[in-house]
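Protein chains: 2
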Amino acid sequence: MSNNIDIQTPPSGGRAAHVCLTPALLPLFNVEEYIVVVIDIFRATSSICYGIENGAEAIIPVSQVEECSAYREKGLDYLLAAERDGKVVDGFDFGNSPFSYTAQKVAGKTVVLTTTNGTHALHLSRSAKKIVIGSFLNLTALSIWLKTQHENILLVCAGWKNNFNLEDTLFAGAVIEHLKGEGYVPDDAAMAANDLFQVGKGDINQYLKKTSHGERLKKLGIEKDIEFCLQVDITTAIPVLQGERLVRLV
Amino acid sequence: MSNNIDIQTPPSGGRAAHVCLTPALLPLFNVEEYIVVVIDIFRATSSICYGIENGAEAIIPVSQVEECSAYREKGLDYLLAAERDGKVVDGFDFGNSPFSYTAQKVAGKTVVLTTTNGTHALHLSRSAKKIVIGSFLNLTALSIWLKTQHENILLVCAGWKNNFNLEDTLFAGAVIEHLKGEGYVPDDAAMAANDLFQVGKGDINQYLKKTSHGERLKKLGIEKDIEFCLQVDITTAIPVLQGERLVRLV
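Keeping their order, the protein sequence lines are chains Y and U. All residue numbers for the first sequence refer to full-length UniProt numbering, where the first residue is 1 and numbers rise by one. All residue numbers for the second sequence refer to full-length UniProt numbering, where the first residue is 1 and numbers rise by one.
Careful, some of the hints might be misleading.
Treat identical chains as interchangeable: a pair holds within one or across any two.
[Unchecked claim] Keeping only pairs whose Cα atoms sit at most 25 Å apart, straight-line, the calculated DMTMM-like set for lysine to aspartate or glutamate is:
1. Lys105 / Glu215
2. Lys161 / Asp233
3. Lys209 / Asp195
4. Lys219 / Asp77
5. Lys218 / Glu57
6. Lys224 / Glu151
7. Lys210 / Asp85
8. Lys130 / Glu223
9. Lys105 / Glu182
10. Lys180 / Glu215
11. Lys180 / Glu67
12. Lys161 / Asp195
13. Lys130 / Glu215
14. Lys105 / Asp203
15. Lys130 / Asp90
16. Lys161 / Glu182
17. Lys224 / Glu73
18. Lys210 / Glu182
19. Lys161 / Asp77
These are computed hints drawn from the structure, not numbers from a lab. Note that the structure is predicted; figures quoted are calculated from it, not measured.
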């Protein structure tokens, strides 16, 4: 399929505000020309924002449960968080429920995190100018910071196993809302995400209840996590990737 | 990336109404479990609907301009239509402007068509139960027929060079609107497409003017084509793929 790929390039007349709706579409973007925001609302990037806000020294995202286990074998005093299909993997300290990322649990600690979708998106974005983490928790702080950077912005939705999901797209649309009037040029996906945000913003929790992912997570008994992840602006920290570690941006 | 792919399977409790937002996401779907509707509003599938309505015996979609030329060398009395990046390729009878698909030009003829995006989506969908062609031109006829089939439905947006575009998604949302209340289970992309259709349906032409693709096509001087392609229900023919040929469904 490579001969059908058209690399998206930012517009010549302004900075880009583009949305990559799933990691499967990342090969269509020249990632190195953007600051990338990775979005995995339920629940990886919400928990990362909360954990960094609460003083975690670093969060190390890994793709595979085995990589996470490897840190235990190194004998380091790291907390190990592993989740697959929305559940904590046996033998790990916790999964990616935001309630595991309180100051009491993570302050001063390094957490090694493996998740189904968020880590995947992060790893595929590695060549970006900078990679930061977004969620409703840090929406305004993140958006204000983005505007000070004067760079092209690519909002990467982690989706669900490479397919589109509504909650990550809705958040991308919320960031686009903040960028309006600042001279950014949106692509079709950014326009769609913003229109969906307009439809859902009155009651995001209610809007997302209809989604397949919402149904899936409800079955896992994590409605409280979902409510938590939809709180807007309860944190100000912006997690940024430095090497292999997510740390607080200074 | 194959180990991250999760094949979408239709729900056990009902028929699926799923939307594949770009051909790049087709590997995520078990295509053989669906009737596929291929959508390339500007302009391939609109022109195909119009041509079949106007009595074209068949339209043969091909991926490459070279494949199209090969039909001339065979000495067959076929009309050859080739377009790249929205323009007629030198030496061909016409491109994919719908105004080339009038009864006067195509009645009784076979047309060999190569297009940037639509043919690509068609070829990738080959293992489907059936492949039909959709556009605003045949929206209601298509939707009524789909409901009589009692099968899972996958609406495949051709997009723009494998990325998302608004016009194809909006049409997918219009079909989903017709399927409401008929027991189909939508996925997140279907819900999003329908919400976008709700936003844009009051004046689809105006809504789509903001898109990048609309801008691109405007530069090519084909605003009249765009207006034509956004006419709802001016045809009733449903083109269906039989072997390598699109013909009128009987």
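Structure-based check of each hint:
no. : hint            : in the structure
1   : Lys105 / Glu215 : neither (29 Å within a copy, 52 Å between copies)
2   : Lys161 / Asp233 : neither (27 Å within a copy, 37 Å between copies)
3   : Lys209 / Asp195 : both (18 Å within a copy, 14 Å between copies)
4   : Lys219 / Asp77  : neither (33 Å within a copy, 60 Å between copies)
5   : Lys218 / Glu57  : neither (31 Å within a copy, 52 Å between copies)
6   : Lys224 / Glu151 : neither (36 Å within a copy, 36 Å between copies)
7   : Lys210 / Asp85  : within (19 Å within a copy, 38 Å between copies)
8   : Lys130 / Glu223 : neither (32 Å within a copy, 39 Å between copies)
9   : Lys105 / Glu182 : neither (39 Å within a copy, 49 Å between copies)
10  : Lys180 / Glu215 : between (32 Å within a copy, 19 Å between copies)
11  : Lys180 / Glu67  : neither (40 Å within a copy, 45 Å between copies)
12  : Lys161 / Asp195 : both (24 Å within a copy, 23 Å between copies)
13  : Lys130 / Glu215 : neither (34 Å within a copy, 30 Å between copies)
14  : Lys105 / Asp203 : neither (31 Å within a copy, 53 Å between copies)
15  : Lys130 / Asp90  : neither (34 Å within a copy, 44 Å between copies)
16  : Lys161 / Glu182 : neither (33 Å within a copy, 28 Å between copies)
17  : Lys224 / Glu73  : neither (33 Å within a copy, 67 Å between copies)
18  : Lys210 / Glu182 : between (33 Å within a copy, 17 Å between copies)
19  : Lys161 / Asp77  : neither (31 Å within a copy, 48 Å between copies)
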